[in-house]
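K.L.:
Chain order of the listed sequences is A and B. For what it's worth, the UniProt record's numbering labels the leading residue of the first sequence as 1, then goes sequentially. For what it's worth, the UniProt record's numbering labels the leading residue of the second sequence as 1, then goes sequentially.
Worth flagging that the hints you see were computed from the coordinates, not collected in a lab. Accuracy of the hints is not assured; some may be wrong.
Cβ-to-Cβ under 10 Å is the rule here; a few derived chain B residues that face chain A [said to hold, decoys possible]: (1) Asn20; (2) Arg21; (3) Gly24; (4) Ile25; (5) Tyr54; (6) Thr56; (7) Asn62; (8) Val64; (9) Gln66; (10) Glu68; (11) Gln70; (12) Ile71; (13) Lys75; (14) Ile85; (15) Lys93; (16) Glu171.
Note that this is a predicted model, so its numbers are computed, not measured. For every residue, glycine included, the Cβ atom is placed at its ideal position computed from N, Cα and C.
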Amino acid sequence: METLKEQKTAQKTKKSIKISGAEAIIHCLLAEGVDLLYGYPGGAIMPVYDELYKFQDKLTHILTRHEQGAAHAAQGYARVSGRVGVAMATSGPGATNLVTGLADAQIDSTPLVCITGQVTRELLGSDAFQETDIIGISTPVTKWNYQVTKASEIPEIMAKAFYIAKSGRPGPVLVDITKNAQFDELDFSYTPCTGVRSYKPAPTPDIESLKQAADLINSAKKPFIVWGQGVILGKAEQELKELVEKAGIPAAWTIMGASALDSEHPLNVGMVGMHGNYGPNLLTNQCDVLIAIGMRFDDRVTGRLEDYATQAKVIHFEIDPAEVNKNVHADVAVLGNSKETLGLILPMINSKSHESWHNIFKEKYQIEYDTVIKNDIHPTKEGLTMGEVIEEINLASDQKAVIVTDVGQHQMIGCRYAKFKESKSNITSGGLGTMGFALPAAIGAKMGAMDREVVAIIGDGGYQMTIQELGVIFQHNIPVKIVVLNNDHLGMVRQWQELFFDRRYASTVMTNPDFVKIAEGYHIESKRVSERKDLKSTIQYMMASKNPFFLEVKVEKEDNVFPMIPSGAAVSEIRLK
Amino acid sequence: MKKEWFTISVYSENNVGLLNRISGIFLKRHINIESLNVSKSEIDNVSKFTIVVYTTEKWVRNIVGQIEKQIEVIKAFYHTDDETIYQESALFKIASNLLFDERQIQNIIKESNSQIVTVSREFFILAKSGRRYEIDEMYEQFKPFGIMQFVRSGRISVTKDEMQISTLLKEFQHN
Ligand SMILES: Cc1ncc(C[n+]2csc(CCOP(=O)(O)OP(=O)(O)O)c2C)c(N)n1
Ligand SMILES: [Mg+2]
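Please construct the entire structure, taking both the sequences and the accompanying hints into account.
P.N.:
Written as structure tokens, this is what we have:
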């Protein structure tokens, strides 16, 4: 009798550590410190949603109105917080709706773990209802992906997914989980992943190349730093600042690097690239040593490659060996995590200033100010400009807001004129240029930094690509500030048509709905500004609000963004008008 | 830059999706894979892809960088033809009556250094290993008599230099 009873309890305790695959997924998320995820349910992921229901007190699931929104929200969250963003979707259309977000996260190195449901193991390959080969589809746009077909694989694969997403050069990971693996039971225990035998997240810095780089920097007469998101991802903002100050080097940023160094730092000379600042673009082709830090020489940055900085010795600080010599030849490559490599090189750098060289940047800025910036942010014409809206937001937010931009003219203007005091404050779709990114990304950004103001700057076109996410803002009362800069056009494409297609405005003119009424339909407080006299006070009013707020600003319909490096032109051929 | 033949050797984990991941890297760059072979390698549980491409060194370097970045890839190398020892294999299926009717056939077999794998009443199978041009030559010789079936494998190759995968693996494990 006694032994039988003992056996029974033993069985029972053993049973209690046996849980379903679906529940195991929740425990994995909790073990990774996840308390928030975005997603959309459906047949193949229902067992996991059933567990989410039970774990509501520990894990908040936000139902976006489209899976693309879930992916972008997770990106926004990851980009402001530096943590892994999590998105979930069902099989088939749910999974394919994530793809744009995956591609965006892949090209902008954003750590995501996306979980998709999949038809049961036995049905794989049978063209079952909502079966799609999401592993095949997502392979080129993920850092790693894996199909789980057995419940017992879940802990190890989830641990690996988080490790891979956030280590080294971050990126999106997709885990596809067949329905049987969600239902079946496993003996659960979780060990975080600390290494994968075939994967080296970051190269070990090489002292010899650091010395060579230091020599080049110390002997440079006209050194120039261009940094990218690698500084933010590597948490190397302080090291960058020390390098810039100690060596006295003018420094510019790529769109993804914005906010890593205070916008008003005297040595911060602005943005490089197609719509970047005049000086940094022009002087890229005059510097003698170009120090690229955590950036990848995207074509929007380099313009015509054959004429990019050919006079300069190039030093490339980079975590991803595949980026070195990919587009621009590096005379010295310093491989490794930016915080580590910059930290190591700092003591080797001589204190210096390059005043006359820095003065050339200031002169060029003055030229740009007089011909472009002044008219953008202090216009004298009647119509409102995008630039003055951004300037008012700078003033009303004391440059402390997170600025999330969509894609188009407003994005370029937003990134040119928004001022930042804090890192991780500029959230935009840089590499993929995904219209529709901003509204969901702003939701994620706000939830990843509840103590900060989040302002989404969106065009009338892109806004309508993910406008349904207003439902999330309303339902959860997420206090983001939404500013639609309405020019009644797909402005950036219209600008190209004006400049390069003889003003043939093919499909770029839009008849828009009443955006204020739409926001009101979602019970979001809304205002429209069409005249300058109302702009400042309305923006101040918006920024003072503790609630979500929608503002439509009717801007000039046919303004252009300048300066501009026409595609195919060299950085030094940058046009001021 | 001029185009050349390169052999890419990839040491990797043996994972379901990896072939797709690797071939996608070529697809994205619109570069054709001329030949592909997957096999085990000198290390237990490590697979080896041998991929032949005809492209410029700039592109092969780019591709190898992208391949090496994949999580399950341990290491990837590229080599020119002079740096490797390489071969392909081919099978020829030929009607048996030719053996008796055409004297020339026996000469081709002897000269080509190929082996007869099997002979039946209807057909016999010849196996030939060697350089691509040797196999092509043999193919041309048989062609006038009629080849019932022909197949040629992807290139397999080993390098003259050491690849040091075991050391690398140990290094990874210590990280
Ligand atoms: C999903 C997607 N489709 C198309 C494009 C091409 N595109 C780039 S900018 C742009 C116009 C954007 O218009 P709007 O959102 O109104 O912003 P604006 O340029 O007017 O500020 C288009 C269509 C894109 N970037 N993303
Ligand atoms: Mg527009």
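K.L.:
Does each hint fit the structure? Answer for all of them.
P.N.:
Do the hints match the structure? See the list:
| no. | hint | in the structure |
| --- | --- | --- |
| 1 | Asn20 | holds (5 Å) |
| 2 | Arg21 | holds (5 Å) |
| 3 | Gly24 | holds (5 Å) |
| 4 | Ile25 | holds (8 Å) |
| 5 | Tyr54 | violated (21 Å) |
| 6 | Thr56 | violated (13 Å) |
| 7 | Asn62 | holds (6 Å) |
| 8 | Val64 | holds (9 Å) |
| 9 | Gln66 | holds (6 Å) |
| 10 | Glu68 | holds (7 Å) |
| 11 | Gln70 | holds (8 Å) |
| 12 | Ile71 | holds (5 Å) |
| 13 | Lys75 | holds (9 Å) |
| 14 | Ile85 | violated (26 Å) |
| 15 | Lys93 | violated (32 Å) |
| 16 | Glu171 | holds (8 Å) |
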